[in-house]
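Undergrad: Residues per chain are reported as follows:
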Amino acid sequence: MAETHQEGGSGGDFDLSQFYQIFFEEAGENLDQMEQMLLNLNLETADDEELNGIFRCAHSVKGGAATFGFADVAELTHQMESLLDRLRRHELQPNASMVDVLLESADASRSLLARHQAGDEGEALPTGDLVKRISVLAAGGVLEAPKAAAPTPTAPTVSKPEVQQPQSASPKGARRLEIVIGPLEKPEQADAIQELFRDIPGLGSITPGASAQSSLKVFHAETSSTDDELLDLFAFHVSRDRVKITTQSAPAASAPAKDEGFGFFEGAAGSPSQVQAPVVAQPATEAGFGFFDGAPGVPSASPESTAVVVAASHETASAVKAVAKPNPAIAAQPEAATIRVAISKVDQLINLVGELVITQAMLAQNSRALDPAVYQQLLTGLADLDRNTRDLQESVMSIRMIPMSIVFSRFPRMLRDLAGKLGKKVEFVTQGEATELDKGLVEKITDPLTHLVRNSCDHGIEMPAERLAAGKSESGTITLSASHQGGSIVIEVRDDGRGLSRTKILNKARERGLDVSDQMSDAEVWQLIFAPGFSTAAVVTDVSGRGVGMDVVKKNITALNGTVDIDSAEGYGMKVSVRLPLTLAIMDGMSVGVGEEVYILPLSSVIESFQVKADAVSTVGQGSQLVKVRDEYMPVIELEKVFQIPRFDFEKSSDIMVVVEADGSRVALLVDELLGQQQVVVKNLESNYRKVPNVSGATILGDGKVALILDTGALVRRSRH
Amino acid sequence: MGMMEKLNELATSGAREYLTFRLDQEEYGIDILKVQEIRGYEPPTRVANAPSFIKGVVNLRGTIVPIVDMRLKFNCSKSEYNSFTVVIVLNLRNRIVGIVVDSVSDVMELPPESLKTAPDIESVIDSSAVLGLGSVGERMLILLDIEKLMSAPEMGLVSAAD
Numbered sequence: 001m002a003e004t005h006q007e008g009g010s011g012g013d014f015d016l017s018q019f020y021q022i023f024f025e026e027a028g029e030n031l032d033q034m035e036q037m038l039l040n041l042n043l044e045t046a047d048d049e050e051l052n053g054i055f056r057c058a059h060s061v062k063g064g065a066a067t068f069g070f071a072d073v074a075e076l077t078h079q080m081e082s083l084l085d086r087l088r089r090h091e092l093q094p095n096a097s098m099v100d101v102l103l104e105s106a107d108a109s110r111s112l113l114a115r116h117q118a119g120d121e122g123e124a125l126p127t128g129d130l131v132k133r134i135s136v137l138a139a140g141g142v143l144e145a146p147k148a149a150a151p152t153p154t155a156p157t158v159s160k161p162e163v164q165q166p167q168s169a170s171p172k173g174a175r176r177l178e179i180v181i182g183p184l185e186k187p188e189q190a191d192a193i194q195e196l197f198r199d200i201p202g203l204g205s206i207t208p209g210a211s212a213q214s215s216l217k218v219f220h221a222e223t224s225s226t227d228d229e230l231l232d233l234f235a236f237h238v239s240r241d242r243v244k245i246t247t248q249s250a251p252a253a254s255a256p257a258k259d260e261g262f263g264f265f266e267g268a269a270g271s272p273s274q275v276q277a278p279v280v281a282q283p284a285t286e287a288g289f290g291f292f293d294g295a296p297g298v299p300s301a302s303p304e305s306t307a308v309v310v311a312a313s314h315e316t317a318s319a320v321k322a323v324a325k326p327n328p329a330i331a332a333q334p335e336a337a338t339i340r341v342a343i344s345k346v347d348q349l350i351n352l353v354g355e356l357v358i359t360q361a362m363l364a365q366n367s368r369a370l371d372p373a374v375y376q377q378l379l380t381g382l383a384d385l386d387r388n389t390r391d392l393q394e395s396v397m398s399i400r401m402i403p404m405s406i407v408f409s410r411f412p413r414m415l416r417d418l419a420g421k422l423g424k425k426v427e428f429v430t431q432g433e434a435t436e437l438d439k440g441l442v443e444k445i446t447d448p449l450t451h452l453v454r455n456s457c458d459h460g461i462e463m464p465a466e467r468l469a470a471g472k473s474e475s476g477t478i479t480l481s482a483s484h485q486g487g488s489i490v491i492e493v494r495d496d497g498r499g500l501s502r503t504k505i506l507n508k509a510r511e512r513g514l515d516v517s518d519q520m521s522d523a524e525v526w527q528l529i530f531a532p533g534f535s536t537a538a539v540v541t542d543v544s545g546r547g548v549g550m551d552v553v554k555k556n557i558t559a560l561n562g563t564v565d566i567d568s569a570e571g572y573g574m575k576v577s578v579r580l581p582l583t584l585a586i587m588d589g590m591s592v593g594v595g596e597e598v599y600i601l602p603l604s605s606v607i608e609s610f611q612v613k614a615d616a617v618s619t620v621g622q623g624s625q626l627v628k629v630r631d632e633y634m635p636v637i638e639l640e641k642v643f644q645i646p647r648f649d650f651e652k653s654s655d656i657m658v659v660v661e662a663d664g665s666r667v668a669l670l671v672d673e674l675l676g677q678q679q680v681v682v683k684n685l686e687s688n689y690r691k692v693p694n695v696s697g698a699t700i701l702g703d704g705k706v707a708l709i710l711d712t713g714a715l716v717r718r719s720r721h
Numbered sequence: 001m002g003m004m005e006k007l008n009e010l011a012t013s014g015a016r017e018y019l020t021f022r023l024d025q026e027e028y029g030i031d032i033l034k035v036q037e038i039r040g041y042e043p044p045t046r047v048a049n050a051p052s053f054i055k056g057v058v059n060l061r062g063t064i065v066p067i068v069d070m071r072l073k074f075n076c077s078k079s080e081y082n083s084f085t086v087v088i089v090l091n092l093r094n095r096i097v098g099i100v101v102d103s104v105s106d107v108m109e110l111p112p113e114s115l116k117t118a119p120d121i122e123s124v125i126d127s128s129a130v131l132g133l134g135s136v137g138e139r140m141l142i143l144l145d146i147e148k149l150m151s152a153p154e155m156g157l158v159s160a161a162d
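These protein sequence lines map, in sequence, to chains V and H.
First residue of the first sequence? That's 1 in the working numbering, and the numbers climb one at a time after it.
First residue of the second sequence? That's 1 in the working numbering, and the numbers climb one at a time after it.
Among the clues, some could well be false.
[Stated by the list, open to error] The list that follows gives simulated cross-link-like pairs (lysine-lysine, BS3-like), each with its CA atoms no further than 27 Å apart:
1. Lys444(V) / Lys555(V)
2. Lys116(H) / Lys691(V)
3. Lys705(V) / Lys34(H)
4. Lys345(V) / Lys34(H)
5. Lys504(V) / Lys425(V)
[As the list claims (entries may be wrong)] Here are a few chain V residues that face chain H, going by a calculated C-beta distance under 7 Å:
6. Gly354
7. Glu355
8. Val357
9. Phe643
10. Gln644
11. Phe648
12. Lys683
13. Leu685
14. Ile700
It should be emphasised that the hints constitute simulated quantities derived from the structure, not laboratory data.
Glycine is no exception: its CB is placed at the ideal position from the N, C-alpha and C atoms.
Next up, chain H with everything else stripped away, as it sits in the complex (with noise of 0.2 Å):
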């Protein structure tokens, strides 16, 4: 999908809530419809082979979900776990996975004119996962496309058969 239709399909579904969260110096938001709940950081229990950024798996009241640690992922400089770590639930298409993130923010409803296209910069972040730049005063916003970046091959969340 090339980034004007990503805009325009922004555009037409009208002004959406996003939630906010850091990581390091950045700020990031995900549509808050994907975001099943807000927890605390709990040791998940590790699963042999997997790639570093996925921690393990906790239980979720009796489900048992993985988690994924987005400063890892995102090759942030450092990532602590203390009291305010905080890990975002979400719902992608009936699997649920938790994320791993410095902060939540603030819950904010951008108009679509306020999102600009990210330019085309070398990343770790695909950059097809990468909705557009939100500007909120100084602040400038990625707004990811959570459920593209958490469902990609190279997550190694989902199998190969799927």
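Bound-form chain V, shown alone (with noise of 0.2 Å):
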């Protein structure tokens, strides 16, 4: 579907299709997330944390919009923005017709949504009104009247969820029956076949009647099929000699139209193209209320059945469907090429094929001692499951890891746009784009990110002759890189624009009331663009510069349990480099021995190793050994006074020496002997534990001991003092 999309914007130079689908289903969870906060607020005592939450998602739709050149949404969602950024400021007062509208909207962007998702066919929602209204709120001003329910006049009012039952609305028959079922031992038995109506779609309905007997139950039921097709599936709960089924008055084969499908019909006889149009969700759902009214067993038009009625309208007439219990199976749509499914479950299928692995390897150790030749069989089914195992293993974890590029090449088109739309100019480099990264993570680090470079671009990134004017070049750099940094990943937005101003920072804070002092470090102030509502732009763009995007990028950052730094130099540009834990990481390792004990050192810190001479080591001062490397002397860290590792096999000593680099320097550690390389699961010690110093993390090994991984960044540290 993502294929046929028309572009909307320029036309865009980098496929941007394969993230359609992405961003549809993030927006789409933004808009209920909204709409859930929405829904929840308090509007006398409405906390920051509330509106700032409910700003953070309209805020994020409208990034994606804009991101993908969807302007009717960016439009919508940029004016509930302003409205929310009032309130959030409290220069007004939310109040009931505010969350009406805002309510109106998101069902409105959903539905706009909901078209260009299915290739931009149809004729798209009219929001003039909508944004009309909002801007008049976010003015101050007050509604005439709410309309929440009232459709718009405009709006296609076609749609096919309700085409239902098309056998009872046949002429050739609905009837209607009375069905006495009795005498029954246990007559609530009889229930059951209510069920058999609600369950299968086209059967028809059932009300329960009023019996005179008590072991005997009466249902009037209208239905198309014969006698014989529902004595067979009665059979199921009563025995058919205990059914009775006689036909009642004349067969009313419109009355359930008449009910239920009424102006709707009618629409649809007039202009029957637009039945084959994609419709939008909002239209739907509000025909859907007119239309439904009182009629029995209808469901709320809640946010889930919305989503199903839009999902129906594509299907064929042929889709029949119980009005009052719509068939979720009929959301199926074609574009759900990939499922959505719950990290946790991912982790816990990683977690069993460890195990599964560890138990293979055993089972293969146990079963070197038998003869071949009498255990033949045994021995190829062992062979298979080694097999199978390690391609089952390889597959699980590929569910997880995805390279850097997916994030990174969501941004050349978005800048491309957005420096069009500033009259800038601007170059993107990206490096390190291979580096994988945990796909909970990719899918938490694409917003900040999206941020950051929008940031870069916006408020970093200056005009053309301004740039010459400072004698830079005309065009400036944005340069996205990832990689592995002593156990970290490490992600950094470089810029060589303006960079921060720590004046007008520092003013800007002041005027927000925020506690600061000329003494601060720059990196304190550099952290004060962090909180929330804080920008210094001097102009709020529908790009950036509420001042909500850095109040994110940290929230969502510190939630991975991960840092923000900023680095700027004012005039030569800014760095914002975002560390994340290796949680959940795959690591390449490098196993050392030491004593009895094996240790990980992250392998992309290891630059060599090299057998020691007694004499290439010298105690300086206090004791602290240092070895000559190629004319470079660099600090010995002993692993086994580090970890105090006991030592029974007084034969063996440590006289192997890895050199690791973190942090821009170099230490030797002093190991026994090197074991091997492997790529290890890194696990966090502290779900459980708490932190070890010297310790990043821990992982399992093939025997199914765990093992300790090295934080050689907290070794290095520890070789300065």
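Assembling the complex is the task here: the two chains are given apart, and the hints tell you how they should meet.
TA: The structure is reproduced here in structure tokens:
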């Protein structure tokens, strides 16, 4: 579906279509979340957290929509955002009509998105009226009559979901029946047949009737099925001879349509072509409102039913569907080529596979002593098991790991449009796209990165003339890089723009009543821009400047146990480094043995290893040791001492040095032996235990034992003092 | 929380089931609902700079779980590791920890009225982590608030920052 999508904006040189699905899913989630929060919002006592949350949802949808060139959605959400921004700043008091309008706008955004998702077919829902109403509210005005439930007159009101039960509407014939069941020992048994009508689409409807005898049950049903068919069905619950079916008054063929399908079919008849048009969610819901009124057993128009209704509208007329119970199966969309699965389920899968691999290794070990001639079949089986387990492990692992390029490749197009809009010239450079990152992290890091890149372009990079005046090249450069560093993943967003202005930030902070002083270090000042609502941009554009970005960035990254650091020099640019812990990331490790114990070193920090001669080590001052490696002296760290490793075999001693680098410095670690290299799954030690000095995590070795992963960064820092 | 309140709390919640285990000559009971599973002892991976009663960490189906030897914690005279040594895996507020005991004896239901307040005596166990004493026939059962015991700072199981 996405492939057929026509670009609304300027013809991109970059194919974004692969990300549409992600955007639609994310936007849907954001809108759902916003709706939820709006509904829970207490008008009198709305707190900042809630208002900020709602605002962020709108902001995220806007950001995404703008990125993908869905101007109508971006425009609408921008208006919502303006209103929410004033609410957030307590310049306006939230009231019910605002909530109504916002909810309506959320619905409208959803329907606009649905239209884009369906390939921009059909008529777009006009949003002019909504936009006007929002701006009236945002300006502090009052709406005359909130009309949340009134369908927009111009909206296409034709939708298919309500095409229900063609059989029942067909002249061939719904019949009205009286079904008497009994006598039964347990008359409740008969109630089960009501479920049949509910569960089988197109069977018809049934209502319990009054019965004179307690052992008899009477139902009134409307169905097009023959008596025999019904009896066959009922036979699941009651025996045939206990069921008596009598036909009642004349067939009321049009009755269901009259009850439930009225004005609707009229519209359809007038414009049959529209029936095929993908129907936007909003009118469908609203049409549904008017339409279902008074119909028994109709579900309230909750967001879920909205979704189903929209989905169903893509189905052909044969989609038989009991209105009272929308069949979720019909919601299966052709574009659902991916499924969204809870990360915890994948984690569980990974853990289980890990266990399986260990069990398999154990079996392989134990079977080695068997005589191949006698146990040939068993051994063949075990060999198969070995291969299958490995394949399985690989596949399961690959579920989680995706390269950063997936995230990075979202940006060129976005930057291009953005730079065009702002009249700037920007070159975009990416480094380390192949760095693999856990899917969970990638999903969560995308939004913060989007904000950072947008900020760089909007605030960082100067206008071409300004750049030339400052003696820089006309076009600015934004660099996005990813690397594994010191056992963490570091993602950097760099620009060579104007950098942060210390004075501006301090002034702005004072304006906002934050506690600041001129004595604060640069790093502390830079951290101020993470405060909610903090923005130094003079004009609020639809790109950025509302100060929501950095607030979200910080929040999202902290939630991942990561840190954000800013480095900036006024006039020269700015660098934002996002450091994420390697929880759940897969790491290439080098296992080293000390005494009886095994430790893992992140391979990325290992530079070299060599056997050391006693005379290469010299002692300085307080007994700290230095080793000379090719004209460079570096501190020696004896793992045996750092980790108080007991030594039982005094024949062996540490005589191998592994040079590791972290934070730009190198140290030599003294170990007994090098055991090998392997990919390890990093486990968090702190989820059940506490932080261990010089250890960044743990992993499980092939034999099921736990090995600790060394924190080379901490070891290097340790050597410095 | 005062001792009486604690007993009241026990009393209001009705009879509870306790898993009882032995450490040396003493018998202890812990709330069965805190117990996730019971396994044999396997040598854990030592963790540097940990107190002696923390034996290290083991792999419990992919989860890294710290192992505390209760016999070392309670200064028992000996702590051997043999095929009878048992690890009780506890799930305390979503943190998993294993405790090493000499043996697991029983699961028993104790009505609140059979619980006695523990006298304030000098002991290696923080008295606030003792819920009370239960008597079952001739046997005396020391009922522990295992969650409190394990989350105490001196156990060193949680980072100071938490």
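Undergrad: Taking the earlier hints as the rules, which of them does this structure contradict?
TA: 2, 8 and 11
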